[in-house]
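Engineer: Generate coordinates for the entire structure from the input sequences, incorporating the hints supplied.
Taken in order, these protein sequences are the chains called A, B and C. So for the first sequence, the numbering used here puts the first residue at 1; every next one is plus one. So for the second sequence, the numbering used here puts the first residue at 1; every next one is plus one. So for the third sequence, the numbering used here puts the first residue at 1; every next one is plus one.
Derived from the structure by calculation, the hints contain no laboratory data. Mixed in with the good hints there might be a few duds.
Here are a few chain B residues that face chain C, going by a calculated C-beta distance under 7 Å [said to hold, decoys possible]: (1) Val-34; (2) Arg-37; (3) Met-38; (4) Ser-59; (5) Arg-104; (6) Arg-129; (7) Gly-137; (8) Ser-139; (9) Gly-140.
Here are some chain C residues the structure puts well away from chain A; computed CB gaps all over 10 Å [stated by the list, open to error]: (10) Pro-24; (11) Asp-33; (12) Asp-34; (13) Lys-40; (14) Asn-62; (15) Arg-76; (16) Arg-79; (17) Glu-82; (18) Glu-84; (19) Glu-92; (20) Ala-114; (21) Gly-122; (22) Ile-130.
Here the structure is a predicted model, which means the values were calculated and not measured. Where is the CB? At the ideal position from N, CA and C, for every residue including glycine.
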Amino acid sequence: MIAEAGLAALWLAALLAGAQLLFAWAAVAKGNADALRLIRPVTVAQGVLTGLAMTLLIILFLRSDMSVYLVAANSHSMKPFIYKFAGAWGNHEGSMLLWVAVMSLAGAAVALFERGLDKRTHIATLGAQAAISLGFYAFLLLASNPFARLDPAARDGQGLNPLLQDPGLAFHPPTLYIGYVGLSVAFSFAVGALLTRQVNARFARAVRPWVLAAWILLTFGITAGSYWAYYELGWGGWWFWDPVENASLMPWLAATALLHSASVLATRDALRAWTIMLAVVAFAMSMIGTFLVRSGILTSVHAFAVDPTRGSFILILLGIYIGGALILFALRAHTVNEGARFDPVSREAMLVINNLLLCVILALVLIGTLYPLLTEMMGVRVSVGPPYFNTIIGPIALALMVVLVIGPMLRWRKDDAKLLLRRAAVPGGLALLALIAIVGLSSRAVGLLPTLGLAVAAALALASLAPLWKRNLLRTPLFTYGMVIAHFGCAVSLAGMASESAFSSERLAAAKPGDTYEIAGMTVRLDSVMPFAGPNWTAMQAALTVSKDGRVIGVAHPQARFFSDPPTPTTESVQMTRWNGQLYLVLGEALEDGRWQLRIWWKPFVTFIWLGGGLIALGGVLALIGRVRRERRNSKAQASAAAAMVAA
Amino acid sequence: MNKRLLILWVPLIAYLIFLVVASLGLNRDQQQVVQSRMIGKPVPGIDLPAASSMKPALSTKQMADGKPRLLNVFASWCVPCAAEAPQLAQLAQRGVRIDAVAIRDARPDVDAFLKRHGDPFQRIGLDARSTLQFYLGSSGVPETFVVDGKGIIRYQHIGYIGPQDVEMLMQKLREAET
Amino acid sequence: MSRLLLFFALFLAFPAFAQTALPPAPYADRQLDDPAMEAKATALMHTIRCLTCQSQSIADSNASMASDMRSEIRERIARGEEPEHIRAWLIERYGDWISYQPTVEPILWPLWAAPLLLLGAGGALAYGRIRRRRNAKS
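Structural biologist: Written out as structure tokens, the structure reads:
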């Protein structure tokens, strides 16, 4: 019964989405007052119904109802509670349902809480949201029904693979997903604003919290995913420019650009058409990302839930929504006034350069990811990988960081170049000092890019604090703190990346117990390699004693694990975190005469990469809270002013 | 239409290009394996020690003896290699000369493999470090190369030889005679 | 993303018990004594694509064939061969696919031109806007 109820809720929600679209059209195009009144309740009801459907699916997973195909295929009665729970979205159908549920709940939130937009734009936005939802309902109900029954019911499920029971796997994909959905809301706002030709600061203020929320989740998801790959793969790399990674990076780049252009639009009423364009691009990238991962067009053997027909479905949706929005843009954008003017030396100008560089990076990631596909069609198979992306994108990203040093020092609208030079002197001097220190003090040759990266990171760390200079720190708004922390996070992350790439050291050894190895002033001693048994795996476990200046600073136990069902070996690396970096220890294969392969890396300040990512996300959270509070206060002030007017 | 209006259509055009590439890419035959570039070139000459105590060693320097043959790349630890053994036996019965390379293997293992799955081979070389594999541009096991009488590689079959591949390989061998 | 990476991990790790009957090749995971040579070899290994895992460099892979290739590369570097010569040798056998570092083949020219074109076009667009605004003002 639960499954049928879930399916019914979904069909009903799909009908409501249709009604929502119809009412929105009637209200905006025809000025129908009944439609106007009905649209908000319909939107909320749709949100409630999909929320219910998702809840019912989770209940089915928790009850291990093996008469439901999805549960039988992906779960097992013996699975730990948390993985039954997460299993609900750990598959294609469930994740699409999650997508739809979050999307319509977001729609309900827009219907209930959005106060700043003018009425018609608000309704048009809800209509656009309904139009997108309809496509996903069709996908869900026609091509990937999560509630399909299995007759006869399975005796138990097939989803007990211990390797897939990982907290990272359970919560990482939905984090990215919800981020993608947040960008769909921004897309709907953009389409709504284009339809009613109300592209202005109010639009930007309404869209900003959604972009911020999506961006926080994407930032967090990418950071966590990178750390996960770093410790899980056991070779010390933290970013591989793999198509699947790129698929998550592209929406983030677009969202970052959108965030900044929306702030120009909100504050200065400039960059109108451009902001709309970015909102479309950001959602396009979310869908393209989903498409690349789901269709298996690039990652073939590795991708999960790969199915070309699903790929075709997503591609059709992509064609309709993004293509439609781009046509609307091309037809309407010229009627959108360019907005306020500004000078080449101004904060707006720097934000324009920021946007330009972010978009160039985005385009290059996209081109690089798809290029092998293109050449394959011409009969040549090539690989585009880290060497290309690092060489090409590294310098552009560095230029972006330089803009980030300068931008926040400038005033809006127009500033004085001479004053800028004076203000930039201190961070500039610091960068120069860092440069001299690295070139003069480093005992080894350091690459140009990491050297410049460290210098810029030093300047940026200082410059990012500039917006707090000579301000009353208690009265500084929360969103300013958010910006400062996020920009500081960029400096931290950049420093980590540069330091890791410039100063890492590596020791590969064929070790027998008793052997010692020196790395970065530390001594690693292999004490023993012993068998070790876990709940569903056996392992060879090494005991490694790490000491520095004769004092023991820690004992590590990296393992070479072997899971029996399915038979799969894995390596469990150990990271020993010190204040100035991480010691990365891996036990490899057995060699002849009782020796073992040991891989040891010292990665100075590598943790800064993810610490910076965390700070960037934290900055986003503070900015979001600050913005929402400010908007709320403003709308209250307006309401009471209006009330006072009426009373007078 | 002025320039500014034209610029507004640029995103749509770029996007359409993406859609075309993506839909063509989606409907293409996905090729997972990497084809060797050595087809049409002579077999690289390498001397390998014997991989089995029952068979002579393999030197790929002596492959230009006027008659075509198969060069089978296999390993005792490889499951599909065991599965293609009957097909290789069938080919050998029909008079095909088959030389083999055992990849990253050990003699006792190869001996056991031959005892269990049959021995259609004339010579078996031991390629402990995948060296010949790299020289051949081969990317896995099993793979089978058709080598003509002049020692030129004429064809590369990637993966397991199924019953349906036997005739195809016979045909390739006949083609290699000319 | 991480889910997929786990799959990579599985696919990479899987061969470890099914791709060899032997311990790894001598230089698969042993550094060359000369740090300069080792640096050269490592740099090259990071740009060579693993044949059996399809989506990672041989420097990040547990696959046996990747270990053998690492050993082959280290031994060749130790004999004084130049990295680009080794890359060319591999491309001759496996095609451009094996090199993550795109070569200067004509089919790859657009890839190298893309950043310049994009920066140029974007820069022109932004410059035009900013200058036009200034003119409009004065």
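Engineer: Please go over all the hints and tell whether each is borne out by the structure.
Structural biologist: Comparing the hints with the structure gives:
The criterion of a C-beta within 7 Å of any C-beta in chain C is met by Val-34/B, whose closest approach is roughly 6 Å, and the hint holds. The beta carbon of Arg-37/B is positioned within 7 Å of a beta carbon in chain C (closest approach about 5 Å), and the interface hint is therefore held. Because the smallest distance between the Cβ of Met-38/B and any Cβ of chain C comes to about 6 Å, under 7 Å, the interface hint for this residue holds. With a least beta-carbon distance of about 20 Å to chain C, the hint placing Ser-59/B at the interface is violated under the 7 Å criterion.
The criterion of a C-beta within 7 Å of any C-beta in chain C is met by Arg-104/B, whose closest approach is roughly 4 Å, and the hint holds. A hinted interface residue such as Arg-129/B counts as satisfied when its beta carbon comes closer than 7 Å to some beta carbon of chain C; here the least separation is about 5 Å, so the hint holds. With a cut of 7 Å, the hint placing Gly-137/B at the interface with chain C holds, because the nearest CB-to-CB distance is about 3 Å. Among the interface hints, the one on Ser-139/B holds; its C-beta lies about 4 Å from the nearest C-beta in chain C, closer than the 7 Å criterion.
Look at Gly-140/B: its Cβ gets to within about 6 Å of chain C, closer than 7 Å, so that hint holds up. Not every C-beta of chain A lies more than 10 Å from that of Pro-24/C, the closest at about 6 Å, which undercuts listing it as non-interface. Residue placement check: Asp-33/C keeps its beta carbon more than 10 Å from all beta carbons of chain A (closest about 12 Å). No Cβ of chain A approaches the Cβ of Asp-34/C within 10 Å, the least distance being about 14 Å, so the stated non-interface status holds.
Lys-40/C, annotated as away from the interface, keeps every beta carbon of chain A farther than 10 Å; the closest lies near 13 Å. The beta carbon of Asn-62/C sits about 7 Å from the closest Cβ of chain A, which is not more than 10 Å, so the claim that it is off the interface is violated. At roughly 18 Å from the closest C-beta of chain A, the C-beta of Arg-76/C stays outside 10 Å, upholding its exclusion from the interface. The beta carbon of Arg-79/C sits about 20 Å from the closest Cβ of chain A, which is more than 10 Å, so the claim that it is off the interface holds.
Listed as a non-interface residue, Glu-82/C keeps its Cβ farther than 10 Å from every Cβ of chain A; the least gap is roughly 17 Å. For Glu-84/C, the shortest C-beta to C-beta distance to chain A comes to about 13 Å, beyond the 10 Å cut-off, and the non-interface label holds. Look at Glu-92/C: its CB is around 15 Å from the nearest CB on chain A, clear of 10 Å, so calling it non-interface holds up. With a least CB separation of 5 Å from chain A, Ala-114/C falls inside the 10 Å interface cut-off, contrary to its annotation.
At the 10 Å boundary, the C-beta of Gly-122/C falls inside the reach of chain A, the nearest C-beta of that chain being 4 Å off. Its closest Cβ contact with chain A, about 5 Å, brings Ile-130/C to no more than 10 Å, contrary to its assignment away from the interface.
Against the hints set out earlier in the document, violations occur for numbers 4, 10, 14, 20, 21 and 22.
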